[in-house]
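Trainee: As a plain string of letters, each chain reads:
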Amino acid sequence: MYEHDVIVVGAGGAGLRAAIAAHEEGADVALVTKLHPVRSHTGAAEGGINAALQEGDSWDLHAYDTMKGSDYLGDAPAIDTFAKTAPEEVIQLEHWGMPFSREDDGRVSQRPFGGLSYPRTTYAGAETGHHLLHTMYEQAVKRGIEVYDEWYVTNLAVTDHDDPEDRECHGCVAYDIKSGKIAGFRAKGGVILATGGLGQAFDHTTNAVANTGDGCAMAYRAGVPMEDMEMIQFHPTTLPSTGVLISEGVRGEGGILYNDDEERLMFEYGYANNDGELASRDVVSRSELTEINEGRGIEDEYVHLDMRHLGEERILDRLENILHLAEDFEGVDGLDEPMPVKPGQHYAMGGVETDENGETCIEGLYAAGETACVSLHGANRLGGNALPELLVFGARAGYHAAGKDMKTAEIQTGPSAKSEAGDVHPPVEPGAIDAGGEDVAADGAAVEPTAVIENAVERERHRVETLLESDGINHAEVRAEVQETMTDNVNVFREEDSLKQALRDIRQARVDYEDVAVADPSRTYNTDLIHTIETRNILDVAEAITLGALAREEFRGAHWRAEHQERKDDEWIKHTMLAWNDGTPELYYKPVILEGDEQTYEPKERSY
Amino acid sequence: MSTQIEQQETETEEQEAEPEVESPGDRRRAAKRQRLDEQEAQRVAEEETLDDEETVHLKVFRYDPEVEGKQEPRFDDFTVPYHKGMTVLDALIYARDRYDSSLTFRHSCRQAVCGSDALFVNGRQRLGCKTQLSDLDDPVRIEPLPHQEVVKDLVVDMEHFYDQMEAVEPYFDADELPEDDLEEQRQTRENREKVKMSTRCIWCGACMSSCNIAAGDNEYLGPAAINKAYRFAMDEREGEQRKQERLRIIEQEHGVWRCQTQFSCTEVCPKDIPLTEHIQALKRESVKNNLKFW
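Keeping their order, the protein sequence lines are chains A and B.
Mapped onto my numbering, the consecutive letters of the first sequence carry residue numbers 394 to 1001.
Mapped onto my numbering, the consecutive letters of the second sequence carry residue numbers 164 to 457.
Hints in this document: simulated from the structure, not taken from any laboratory.
Quick caveat, the model's predicted, so the values are computed rather than measured.
No residue lacks a Cβ here, since even glycine has one placed at the ideal position from N, Cα and C.
Be a bit skeptical, because a hint or two may be false.
In the DSS-like style, the derived pairs of lysine-lysine whose C-alpha atoms are separated by at most 27 Å in a straight line are [stated by the list, open to error]: (1) A/Lys-535 - B/Lys-406; (2) A/Lys-535 - B/Lys-357; (3) A/Lys-581 - A/Lys-800; (4) B/Lys-451 - B/Lys-357; (5) B/Lys-233 - B/Lys-357; (6) B/Lys-233 - A/Lys-574; (7) A/Lys-535 - B/Lys-359; (8) A/Lys-893 - A/Lys-961; (9) A/Lys-967 - A/Lys-997; (10) A/Lys-811 - A/Lys-893; (11) A/Lys-571 - A/Lys-811; (12) A/Lys-797 - A/Lys-535; (13) B/Lys-293 - B/Lys-359; (14) A/Lys-477 - A/Lys-800; (15) B/Lys-293 - A/Lys-571; (16) B/Lys-222 - A/Lys-535; (17) A/Lys-571 - B/Lys-233; (18) A/Lys-477 - A/Lys-967; (19) B/Lys-222 - B/Lys-293; (20) B/Lys-451 - B/Lys-359; (21) B/Lys-446 - B/Lys-359; (22) A/Lys-571 - B/Lys-222; (23) A/Lys-893 - A/Lys-967; (24) A/Lys-535 - A/Lys-581.
Partial selection, computed: residues in chain A whose CB lies under 10 Å from chain B [unchecked claim]: (25) Gly-449; (26) Glu-520; (27) Tyr-530; (28) Asn-867.
Using the sequences plus the hints, can you model the full thing?
Mentor: Structural data, given as structure tokens:
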């Protein structure tokens, strides 16, 4: 058994920031990650990092834009904390050597982004995430923070009290991918989940293959509710063949969207007469798909994003990476031709329910970054708000887990935050088929931390051995079943019948998953096994997304429903919560907090 | 659909009650296997009807120290259906998901930023995800990166590469920071431009694998690590004293002077970093540093 004060699961932006914070606080901290840290998907972020740095801008304007962008599903305590702390976090990065793009006077550049009332997006070319990731990994190396790379955390070690709010997390179980060894990790201060996105629940996504929602699914099965899972952001500009992202920076710099008739669609069809291409991502995604569905798409599949008029010099200075992506993955020279783009799954606004300090309702269990939902992004994340989120809340989780005195959180978590029970009529009983049987809380009466961890290790050994020894079907078949139905039925446009179809398909995938087995008997670098365990996590998050989408009978932010074409503020300014309850998912709601530090946010119509 | 599922369950329960039959799990698995066999037969039939222009022939290196029958390195052949825009990584994923789930290789972002799928393809280091099959001669021969220890199939041990990266103290160290936590250091556009290419490294290891010197000298820092040293030594935000310390690291016996300017690193770098140039620039700094005028 390995022991540290703080264990951070995942070593992308949020994980690295959390580890550095915990280390600064004097904790012995370790990063446990299924990839090497520099392989993390934070490296693929392109656009930038929002922070109110300049005179004329202010944190409360940033907060206001964020709340408005969220379509009033964000929680004010999270948004205010975020907007206030983002500037110091960005400057901290600069002090750590991040190669930001610069102005003539040597200061960091800022550029306009969708939904922002001030050009407050700092950036490093169109590869901001790459530089952020590497800068932070360098600082982790400088501090000698221990990294267990290519160790896959498969489960959490949590006590088995009936009420999740009485449970404690003592550590986790990880599988050494290189040797096949399974080991317990004890965390005296806390476990921080920073496992990133869940885009692999869909088959057209900008997310890496490794983004399988592991942290979210593990926390869920341990008893932490998942919050607002239906809120999936689709990015309007992804390359049609691969899902590779073309940064919003292109539109920020003045890129234009055209349909097959060479009309500037955002204006021509009145989707966003004020902001055009720089309307929020949900608005642009729907506009593009509407064009395609009405026969004005190119090859019935995509639209064109044109940046030629920006000129070679500006493109090379600020968007060079985009030229490479278009060339390598679509065979298009962005200097000569418009680039083909269509919407693709991009970001999970929902996730593991946490408060402003990154804490979940289980003591000692934290989450930060995309895997978490402190409810900053609500129903729609603004471009450039993901990177500052992982800095601000990664750091806070790290500090708190390491024992720093922090202000008591205003956001309530856990089942006691429930305001009303959910009412949804799925066509099948969700979650009922307990594939894998690895409920965290089914633990026996262990309360001693080491015993809790040993029990968890035993369960994982059994799970892995069963998968290796039995015969059955390949996980890839089950994964494809889920991914296809999600893209067909739980995409940008959502209809009741399709959502129900998706739930039936996911249920069938659960049945099929009971028969999965790992064909590769090797203990050395067994990716077949890793992907099989990941697929189990994909099932849980896909089901939560779909169930939440069926329950939320309104149109808010990224969540469009055919039968409900308006935002219903009287009824729906509340978070959709899903609790696992030992395999019987329970849907309930908790209120959104609109009272902030300086202002109470009054819901206004979003118009562009 | 929902009623169908319920019906199936009821049937299963009824059958479960009958004695002396195999368990429902076994039956389900048998049915599944039969279905899979049918699919496989269909796939084979499809494959036979594909003409050569629609398929790609892969010859893939295989080795697993754990599994009997794979301990002796060999090449396996896979024929995969081709579509326009298909990359080496796409073909490998197809082969793994459809033919042999034990086929092992690293990959994640599939957009040339994570650096995990550097492979030796038709005799050259390349990222699988950004290499179009249409640019390669058939058959496509896929091997692990040369000069690295093979862990399994196409996966190599990267520890040595990471150690060399860490040996150059790869982290920013400013002499002096602005007192105000909300004020950034100044950096000229020219200086950012100067280090820009060097900051693009994704640690894929292609350069190190292509370098003849690194192949023969295990202590040589190698192109990636020296490029990392360049990235910091040339950044004006670090002070002169730190630069001297950095130069001392790269001037050592197995540092920049081992480079014989063969350009193989520069040729294979998937991010187009002028590695050889950066190494030469540090040689110049090192010479200037050691010239004493007195």
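Trainee: Please go over all the hints and tell whether each is borne out by the structure.
Mentor: Hints, one by one, checked against the model:
For the proposed pair A/Lys-535 and B/Lys-406, the alpha carbon gap of about 17 Å is at most 27 Å, so the pair holds. Taking the CA atoms of A/Lys-535 and B/Lys-357, the gap is near 24 Å; set against the 27 Å cutoff, the hint holds. Pair hint A/Lys-581 plus A/Lys-800 holds up; C-alpha atoms about 21 Å apart against a cutoff of 27 Å. Taken as a hint, the B/Lys-451 and B/Lys-357 pair is honoured in the structure, with Cα atoms around 19 Å apart against an allowance of 27 Å.
Simply put, B/Lys-233 and B/Lys-357 have alpha-carbon atoms about 48 Å apart, too far for the 27 Å limit, and the pair is violated. For the hint pairing B/Lys-233 with A/Lys-574, the CA-to-CA distance comes to about 21 Å; that is within 27 Å, so the pair holds. A distance of roughly 22 Å separates the Cα atoms of A/Lys-535 and B/Lys-359; the hinted pair therefore holds under the 27 Å criterion. With a C-alpha separation of about 22 Å, the suggested pair A/Lys-893 and A/Lys-961 falls inside the 27 Å cut-off, and the hint holds.
Restraint check for A/Lys-967 and A/Lys-997: the C-alpha separation of about 16 Å stays at or below 27 Å, so the hint holds. Note on A/Lys-811 and A/Lys-893: the hinted pairing holds, with a Cα-Cα distance of about 25 Å set against a maximum of 27 Å. Among the hinted pairs, A/Lys-571 with A/Lys-811 is inconsistent with the structure: their alpha-carbon atoms are about 43 Å apart, more than 27 Å. The suggested pairing of A/Lys-797 with A/Lys-535 holds, with an alpha-carbon distance near 22 Å, which does not exceed 27 Å.
About 21 Å separates the Cα atoms of B/Lys-293 and B/Lys-359, which keeps this hinted pair within 27 Å; it holds. With a C-alpha separation of about 15 Å, the suggested pair A/Lys-477 and A/Lys-800 falls inside the 27 Å cut-off, and the hint holds. Pair hint B/Lys-293 plus A/Lys-571 holds up; C-alpha atoms about 26 Å apart against a cutoff of 27 Å. For the hint pairing B/Lys-222 with A/Lys-535, the CA-to-CA distance comes to about 42 Å; that exceeds 27 Å, so the pair is violated.
As the CA atoms of A/Lys-571 and B/Lys-233 are separated by approximately 17 Å, the hinted pair is consistent with the 27 Å bound. For a cut-off of 27 Å, the pair hint linking A/Lys-477 to A/Lys-967 stands: about 24 Å separates their Cα positions. With a C-alpha separation of about 19 Å, the suggested pair B/Lys-222 and B/Lys-293 falls inside the 27 Å cut-off, and the hint holds. Distance check on the hinted pair: B/Lys-451 and B/Lys-359 sit about 23 Å apart at the alpha-carbon level, within 27 Å; holds.
Under the criterion of a C-alpha separation no larger than 27 Å, the hint pairing B/Lys-446 with B/Lys-359 is consistent with the structure, at around 19 Å. Note on A/Lys-571 and B/Lys-222: the hinted pairing holds, with a Cα-Cα distance of about 24 Å set against a maximum of 27 Å. Between A/Lys-893 and A/Lys-967 the CA atoms are separated by roughly 22 Å; this keeps the pair inside 27 Å, and the hint holds. Of the supplied pair hints, the one linking A/Lys-535 and A/Lys-581 holds, its CA atoms being roughly 24 Å apart against a limit of 27 Å.
For A/Gly-449, the shortest C-beta to C-beta distance to chain B is roughly 15 Å, which exceeds 10 Å, and the interface hint is violated. A distance limit of 10 Å between C-beta atoms decides the matter here; for A/Glu-520 the minimum to chain B is near 7 Å, and the interface restraint holds. Evaluation of the A/Tyr-530 hint against chain B yields a held restraint, the C-beta minimum of about 9 Å falling below 10 Å. At about 5 Å, the closest approach between the beta carbon of A/Asn-867 and any beta carbon in chain B falls short of 10 Å, and the interface hint on this residue holds.
Hint compliance for this structure: hints 5, 11, 16 and 25 are broken, all remaining hints hold.
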